[in-house]
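**Q** Model the full assembly from the supplied sequences, consistent with the hints where possible.
Next come the chains, spelled out residue by residue.
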Amino acid sequence: MNLRRDVFQAIADPTRRAILLLVASQAMTAGAIAANFDTARPTVSKHLQVLTECELLRQEQHGREVYYQLHPEKMKEIADFLEPFRQLWEQRFNKLENLMKNLKDQ
Amino acid sequence: MEAKTKITAKDQQQDLVITREFELPVELLFRAFTEANLVEQWMGTKVLKLESKPHGSYQFETSYDGNVVFRANGTIHELVPNKAITRTFEMENAPIGVQLEFLEFEKSSDTSSKLTMHIVYRSAEHRAAQLKLPFKQGLNMAHNRLEEILSQLK
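Line by line, the protein sequences give chains P and V. Under this note's numbering, the residue at position 49 of the first sequence is numbered 49, and the numbers go up by one with no gaps. So this note's numbering is basically just the index in the second sequence, starting at one, shifted up by 106.
No lab work stands behind these hints, which were simulated from the structure alone. Since we're looking at a predicted model, the values are computed, not measured. Errors might be hidden in some of the hints.
[Claimed, not checked] Taking lysine-lysine and the DSSO-like style, the derived pairs with C-alpha atoms no more than 30 Å apart in a straight line are: (1) P:LYS101 to V:LYS110; (2) V:LYS238 to P:LYS95; (3) V:LYS220 to P:LYS101; (4) V:LYS116 to V:LYS220.
[Unchecked claim] According to the in silico footprint, chain P covers these stretches of chain V (three or more CB under 8 Å from chain P): (5) 111 to 121; (6) 130 to 143; (7) 147 to 159; (8) 231 to 239.
Glycine is no exception: its CB is placed at the ideal position from the N, C-alpha and C atoms.
**A** Okay, structure coming up:
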């Protein structure tokens, strides 16, 4: 069965977020990425597969090595979609916090 | 600085979860949702009615230059002081439809608390309409501002 990969599910996992941060600075091989984690190598491979399937990572062949790199457009897509809505609530909640803090001080 | 407000919205689903940690005792956080004059201040809207009790209802209205620009209403199904509010919410004249909201208030320490808002929409499409709305609002505000500036130039 081929499950449709969910971008938001992909970034909900802390190891996968760490992988994205890692390759944000430079393209890396699976081995180099796995060396940064205590997790078993097949587990890291699985994470890389998920991230690749939902297009957050791209694979590039250099000789015999496969390098993973960030797909910035796809990352931006996620951020842009939710960000204005998140900011709306952030602003409201900041107001709420300030308002109630002042109330407390009175 | 890490953003305090987090939103989880899984692809193709019809719900989303908003979480936020507050440097406030849970009692104060709860009051901010149940007292009309406080809601008015942080939501930036006029509260026409707010019956903070099970089976109570509420109405919000915002005017700009004498015109009503935002109206919302809903009913409160459950209200457990300092713990939970279950309510419906509907923005009038918007394509989002009625949404069901589960608000959970948690005490983190004597001076901090956490809010979790689980919002369920009628469908994934209705949720998408909600997420697109702030773009539109931002654009409208920019347009209004532009109009103001242009009208002053006349």
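**Q** Now, for every hint given, state plainly whether the structure supports it.
**A** Here is what the structure says about each hint:
no.: 1; hint: P:LYS101 to V:LYS110; verdict: 16 Å, holds
no.: 2; hint: V:LYS238 to P:LYS95; verdict: 23 Å, holds
no.: 3; hint: V:LYS220 to P:LYS101; verdict: 15 Å, holds
no.: 4; hint: V:LYS116 to V:LYS220; verdict: 21 Å, holds
no.: 5; hint: 111 to 121; verdict: holds (count 8)
no.: 6; hint: 130 to 143; verdict: holds (count 6)
no.: 7; hint: 147 to 159; verdict: holds (count 4)
no.: 8; hint: 231 to 239; verdict: holds (count 3)
Every hint, counting from the list given before, is met by this structure.
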